[in-house]
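Chemist: Now for the letters of each chain:
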Amino acid sequence: MEPLIIEGTPKTPTVRFDADAGIIEIKGRSIPENSVEFYKPLVDWLEEYKKNPKDKTVVNIQLEYFNTSSSKCILDVFKKLEAIHKAKHDVEINWYYEEDDEDMLEAGEDYESIIRIPFKMIEIVE
Amino acid sequence: MNFSIEDYYADRLDGDVLLAYKGSITTDLINNVLDTVESKLQDFQEPSKVRKKVYNVLVESLQNLYHHIDDLPEEYKDRFESRFGILVVSKDKKQYRISTGNFIRNDKVPYLKEKIDKINACDREELKDMYKFILNHQKLSEKGGGGLGLVDIARKTGNKLKYSFVPFNDDYSFFNLDVFIDEVEKNS
Numbered sequence: 001m002e003p004l005i006i007e008g009t010p011k012t013p014t015v016r017f018d019a020d021a022g023i024i025e026i027k028g029r030s031i032p033e034n035s036v037e038f039y040k041p042l043v044d045w046l047e048e049y050k051k052n053p054k055d056k057t058v059v060n061i062q063l064e065y066f067n068t069s070s071s072k073c074i075l076d077v078f079k080k081l082e083a084i085h086k087a088k089h090d091v092e093i094n095w096y097y098e099e100d101d102e103d104m105l106e107a108g109e110d111y112e113s114i115i116r117i118p119f120k121m122i123e124i125v126e
Numbered sequence: 001m002n003f004s005i006e007d008y009y010a011d012r013l014d015g016d017v018l019l020a021y022k023g024s025i026t027t028d029l030i031n032n033v034l035d036t037v038e039s040k041l042q043d044f045q046e047p048s049k050v051r052k053k054v055y056n057v058l059v060e061s062l063q064n065l066y067h068h069i070d071d072l073p074e075e076y077k078d079r080f081e082s083r084f085g086i087l088v089v090s091k092d093k094k095q096y097r098i099s100t101g102n103f104i105r106n107d108k109v110p111y112l113k114e115k116i117d118k119i120n121a122c123d124r125e126e127l128k129d130m131y132k133f134i135l136n137h138q139k140l141s142e143k144g145g146g147g148l149g150l151v152d153i154a155r156k157t158g159n160k161l162k163y164s165f166v167p168f169n170d171d172y173s174f175f176n177l178d179v180f181i182d183e184v185e186k187n188s
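So the sequences go chain by chain: A and B. Read the first sequence against my numbering and you will find it ends at 126, with the numbers running on by one and no gaps. Read the second sequence against my numbering and you will find it ends at 188, with the numbers running on by one and no gaps.
Isolated chain B (complex conformation) (with noise of 0.2 Å):
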């Protein structure tokens, strides 16, 4: 398996790209990119619904890969700053994509994988179902997050989260995940 960031990094380059990001995840960073995806988001003039479920969703994508970050393989450690991530915002003429990319070791694969492929299971009222559960019975976590991200993610989005997990090395796998948000609301 021969995975490159660079090509990953590349491939994610397609389409109308309103902000794209390799490296350190941080708090300046996410108040950065928020910041300006905002007024990119006035500049085309969407209606406020897409607005705000761009951003939102932005928001739970940003502070995911925030909080869930892993450190470095041994191999990139020389080449790239820690809380390494990757972000790509674009447009094409229908959909936003968020892209999300991080290392991730490869012991959390299984519970992750199983975690989106249950939400993307789910039809709306069952995602309104978990989302409540989860808000109701869980503690948060010492990061914050509760395992309520993806949920909501997918829940305002409405489309299937798309993900990949590319085996690194014995330890580490690259994690991607594709969010689409339509531009013209679905009737649901």
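Next comes chain A alone, as it looks inside the complex (with noise of 0.2 Å):
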């Protein structure tokens, strides 16, 4: 299946889902006023990958800020990979935050409370 590349802008993240490697990475910022827009092909890339997915899938998260409309978007990605980690598949998830972002550490905790997959929280210090 083809990955999924999009470049990221000051609103919106970059985005690499690669199928062969099993890795799926959402990094920077997204802060669009219209998020489901950029979201869709994610899900839907998500949703086919789902299909046949690899043994192990690592998801990486680092996001610098997010916005309330993205929050729920990205709501809509974790649950596609509790679906493939229900299917007995492999997932892990690596929640990235910047050193002392307290309020990036609490976003992943509420999203690791809301899909029960346990996170990695990985505390970037410079």
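You can take every hint at face value.
Computed footprint of chain A on chain B, listed as stretches where at least three residues anywhere in the stretch have a Cβ under 8 Å from a Cβ of chain A:
#1 26–34
#2 43–50
#3 58–68
#4 124–134
If you're looking for bench data, these hints aren't it; they were derived computationally from the structure. Just so you know, even glycine gets a beta-carbon here, dropped at the ideal spot from N, CA and C.
Fit chain to chain and form the complex, with the hints in mind.
Modeler: And the structure:
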């Protein structure tokens, strides 16, 4: 399946979804006014990937900022990953946050408590 | 009731003003404001924690404004552009303040007021629960907001939302929202 690669902009994140490598990455800022439009291809890609996932999928989420409009879409991404996990495939979620950014750590904990896959919380120290 | 946009705006311009704007709230405006305020926060050499909070809350405040602005009252239509709103970001010794103002149709006032009062009555844990509940259970509205913005602002700032609705005419009120971000973070 074709990878999904999207270059980042000041308001949208860099996306790298690579089915062959089993890697799902979202990095940067996610603060668009209309996040549904941006996230739809990501959710659609995962829906397809879900049919034939790798034994192990590694998910790296490293966001500097995200708005509440994105937060629902990010949950949709996680829900797809949860379905893969439920189908007995290994899914590792790495949630990166910058040093001292308690809000971002807490945001990761919120998602973890909703989707019930353990997150690895990784602090980025400069 | 003699509400005047000019007086309201002037009242907001105390303290150290980083940015003040009145006019049409567009995507381009939002981008410009975010760039400007971000570089000013860099200049102030705020700790990254404070910088991020101000930026985050500003994004939510602006996008709330963007998604929820009503048409102008007839009296103002020839004086101001459509999608009219006011934004002032200022700073005093201890706090940043983000003020937004916009006209709102009177029929929407009770719902919004009730929502803010409910948020203001919550402690930290209750806000976290409310945020997670809305995140997990409510569909995104067409506008994309989904009702999380104000909860997120209250949660991130740890301060109460200060607001007023000033009756303007039979159909409209002017909605003012002041959000405060402490410079030195409170320990919760």
